[in-house]
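Student: These are the residues of each chain, in order.
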Amino acid sequence: MAVQTKDALVGARPAAAPASGISPRRVLGRDWAAAWLFLAPCMLVIVGLIAYPFFSAIVLSFEAKLVGSPATWVGFDNYVQLLTGRDLSEQFWQALRVTVSFTIVAIAAKLVLGMSMALLLNEPFAGRNAVRAFFFLPWAVPTLIAGLTWKWMYDGSQVGLLNLLIIRFGLSNDLVQWLGNYNLALWAVVVAVVWTSTPFFSMMLLAGLQAIPGELYEAAKIDGAGVFGRFRHVTLPSLTNIIVITTLLSTIWTATSINLVYVLTGGGPANATMTVPLLSYEIGVAGAQRLGMGATISLVFFPVFLVMIVFLTRRMLAEERSG
Amino acid sequence: MTRRLVHTAGLLVFALWTGLPFYWIVVTAIKPNLLIYREPSLFPSQITGEHFAFVLGQTPFLLYVKNSVAITFVTTTLAMVIGTLAAYAIARMTFAGRKWVARGVVVTYLVPASILFIPMFQVIYSLGLIDNIVGLMVVYLTFTVPFATWMMLGYFRNVPIELEDAALVDGCSRLQALVRIMIPIALPALAVVALFAFTLSWNEFLYALVFIGSDSQKPLTLGLIGLVRGDTFPWGPMMAASLLGALPPTLVYVVSQRWVVSGLAAGSVKG
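Chains P and Y, in that order, are what the protein sequence lines are.
When the count follows my numbering, it moves up by one through the first sequence with no breaks and lands on 323 for the last residue.
When the count follows my numbering, it moves up by one through the second sequence with no breaks and lands on 1271 for the last residue.
Just chain Y, same shape as in the assembly (with noise of 0.2 Å):
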């Protein structure tokens, strides 16, 4: 009894903790500026849409969104791409130095953007794509691939091989193999894949703000701080903003976090 008790506290304890930024967000983005500064209220007792209508309407968010969405889409199909390739050679194939790649792998991985931003500053500079979101998409593989290729790793070896030499004593390529056999059964880890390298790449900031200047190159995260006036955060528009930028990710984690958990605890993502 008193344990029931102690769960459901510790439950409403947490929820209490995860929820309240949440709902700051919400009510800040639906209140009119009467009761956001003059009367600040918990619960307001009007609603409106006049931020969203503002952010939409005389902010450039709509191309940040654009610049997130293609950004985000070109890195993580490359990065799904790369991956799966790297790591059926490394889970598959032998060859000298296998061991040695597959420890490049995780190390980079492990390597923090904090070290790499200012050198690749130069790299990017010398390919001419600074300020660019070309830039970015490039960029945004240092730590998609590292990470797709640990994840799709994991899952090969767990794939029988029989299943696969039979294809290859039929005549199959090894590319064949991958495409024909191992793929189909590793769409769920694939599915992981895409989750994460879209997620890390739509919330990644460091980079997009050593990068990029000018607001039409500018993702979502990077846009978001170009609100701010001066030194004045206009917090009606911010949240409202804030929401919407945060929306996409929350909802493919909403749908699919199952599959995140799981592909959580085998692949230790960024957190």
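Okay, chain P solo, but in the shape it has when bound (with noise of 0.2 Å):
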């Protein structure tokens, strides 16, 4: 009986007769009323709660805003204050270079250790499994949580795990101010980003090196190559594509995660690492609250994002393609 119903869920014949002159079918697509009731509620989401309140975010960077008043339209004058204005802007700038040197730094680190972790685990060895999984641990545990523990570790006092290590082994006898030293702070928290989110590199890194065909490196090894000559022209090329991707996703993260120096040292010591989206954190929705300016500093830098993220967006489709 259901094949002469022609109801949206039931209909999308595959054998439908053609259509005649302009049908919403011929228009929209053959499975077009099936296919939105399908995807309301996906659409519902990345609409109403993704594009809505991007949108909302430009629209605020344009007012002054504060939580709990009403907004004024202030045009351009969040930027013009936020790069030029006298309160703000060597804020920012300050908290631009943070964020640029962390992520630079922090992902390169990530590339180096992911690989040789990666490469580490390629190779055949007992109780490789148990092992791959104990590496790649970190990247279960909250980031809060690794926060809190490397806060612990980087303990100022002799009780701190670094200081105690340090002065048991007779490396000093001064304890460091892991997080209270100007010149240091900033990469002790760059340490701790690194080691929750090397797992995520060397997954993706293991993962390529998997699908690597055996006989690539045994052609390589009779033309007389050594180890770094098939890892420079057998191993990095095959892994372009995911170096690639893995790279500008986690750059994406890393440049707007607030979590980890939120933990570890709340922006300070004297704005050391006080980062972008820490920044239009505290105060945006923080401190003074200015919800207008708090949206302009995260939107200010969105264009380069923007960029990374339309090419991640068609690299991964294609793959998808392909794949």
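By construction, these hints were calculated from the structure, which means they are not laboratory data.
Possibly wrong hints are sitting among the right ones.
[Unchecked claim] Some chain Y residues close to chain P (C-beta under 10 Å, calculated; not the full set):
(1) G1010
(2) F1014
(3) P1040
(4) E1050
(5) F1054
(6) I1082
(7) A1086
(8) R1098
(9) M1120
(10) R1174
(11) L1178
(12) L1190
(13) L1206
(14) F1233
(15) G1245
[As the list claims (entries may be wrong)] A short list of chain P residues far from chain Y (calculated; beta carbon distances all over 10 Å):
(16) E90
(17) D174
(18) K221
(19) L236
A virtual CB, placed ideally from N, CA and C, is assigned to each residue, including glycine.
From these two lone chains plus the hints, build me the complex, please.
Tutor: Right, here's the structure in full:
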């Protein structure tokens, strides 16, 4: 009986009669009704909870708005103030410098460590599965808990693990203020960031390594390539795509994340670790609650991320098609 | 021979690097305060359950856990249903704008929370869900739904279409075809989606920090920060609570790590 019914859920038979004239089916596609019904909840999330807030962030960035009071349109005022104004611009440019160097160093370290870890795990050895599971464990730990743990290890008195080790091994008699020293704090945060997200790189790269056919290495060996030659001429070229995707994804997440730096230093000492996203939190929500300026801070470099997002979207969808 | 040696040395270095923080969480959680502060020790000569007893008995820790469980359960379930329906439509149906929808899913997945949290505050405020775990259940859909859709889409595309065509010819509706044919085949992918949605929601912190104020509504991550009194971190209880709080995602990960690795590679999940 269902064969005759043509309601939205049942219809969409491959052998549907060709529509004549301009029918909804012709314009909107054979399964349009059922498709949009299936897509409706997803679209509600994407449009209502992502696209709408995103565009209202753009509108907010042109407004002066405090929490709980009406907004006034100020045009580019927030942007001008942020980039050149007296009260914020110095802090903003400092935050930008911090964010850029923090991101570059963290990503480079993750890539090098992640690659080394993946190469080590790609060799067969006894207990490899258990070791792999263990090496990837930091990925599953909530960032906040990783942050608390590192904060505790970095404790500046003699009870912190790192200072304890330094004293125990007689490396120095002075206690190091890992998170309290202006020149050290940022790199201490980077180490914690690298610890939590190196597994992501290793997992991606290991999956890539395992997909390289063994014959390629055999051929390179016959051609007389050594360990490094094989890495340069076989491994790296085969992994280019994965390296690019992983690096870009991680760059977006690293440059915009707040959790670790919030827990470890809260931006201090003296703004040494104040990153752009943390600044937008501080200005927009935590302190003065200047929602408009907060939105401006988070958006001012969004075009850079947008380029990465568009590029990644293409790559990820292309992989989908070929894979 | 040297190769073997370098390999083993490398593994040892990474084991130390990975293991040290875990070691310190566990050791701090079971050391009496004397061995934490007064005579700090690397290898405790005494162990105690007092920090766990304190966390479970004297703090709202169990309430935080309950909230986290509720949020994670609702968000994960909704994301799986919503993502599966959407992915099926994109993978199998013909409609105008299909490509744009697929792009939209990936783009929204990549938009960082640090841009959304300020305007999201207004959205949640206007829904009357500030300081309410229901607000977090809704907001967490922003990262779980695009991911779930993207993940299921990749899987559905690799299922041969003939299986389903046969069902459709036999008079199944689209929904029946999805439930009876596709979902049983896609169970491993659904497991991966559940796993990641669970981990991401359980570990989330920023939105909770911005939207939640009352103890009664705090998820675990936010609650942990609340254990700090003034500027003092009671490290014994904090590490005990951290250990307990990290346990669910770690256990889930250990049990299903083979899927995690393949799923991560396929879906490029946040790291």
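Student: Less than 10 Å between beta-carbons is the criterion; does Y/E1050 satisfy it with respect to chain P?
Tutor: Since the shortest Cβ distance to chain P is 17 Å, the answer is violated.
Student: When the nearest CB of chain P is found for Y/F1233, is that gap smaller than 10 Å?
Tutor: 7 Å, holds
Student: Against chain P, with CB atoms and a cut of 10 Å, does the hint on Y/L1178 hold up?
Tutor: 8 Å, holds
Student: Was P/K221 rightly flagged as not at the interface, with every chain Y Cβ beyond 10 Å?
Tutor: Given that every Cβ of chain Y is farther than 10 Å from that of P/K221, nearest at about 14 Å, it holds.
Student: Quick check on the hint: Y/F1014 CB to chain P CB, less than 10 Å?
Tutor: This interface hint holds because 6 Å falls under the 10 Å limit.
Student: Just to be careful: measuring from the Cβ of Y/G1245 to every Cβ in chain P, is the smallest value less than 10 Å?
Tutor: 6 Å, holds
Student: Say whether it holds or is violated: P/D174 keeps its Cβ farther than 10 Å from all Cβ of chain Y.
Tutor: Correct as stated: the minimum Cβ-Cβ distance to chain Y is 17 Å, above 10 Å.
Student: Was the hint right that Y/F1054 lines chain P, CB cutoff 10 Å?
Tutor: With a minimum Cβ separation of about 16 Å from chain P (threshold 10 Å), the hint on Y/F1054 is violated.
Student: Less than 10 Å between beta-carbons is the criterion; does Y/P1040 satisfy it with respect to chain P?
Tutor: Where the cut-off is 10 Å and the nearest Cβ of chain P is about 5 Å from Y/P1040, the hint holds.
Student: Would you settle whether the hint for Y/R1174 is holds or violated, based on the nearest Cβ-Cβ distance to chain P being less than 10 Å?
Tutor: 5 Å, holds
Student: A closest beta-carbon separation below 10 Å is what the hint needs, so does Y/R1098 meet it against chain P?
Tutor: 7 Å, holds
Student: Quick one, is the Y/L1206 hint okay against chain P at 10 Å, beta carbons?
Tutor: 6 Å, holds
Violated hints for the displayed structure, listed by number in ascending order: 4, 5 and 12.
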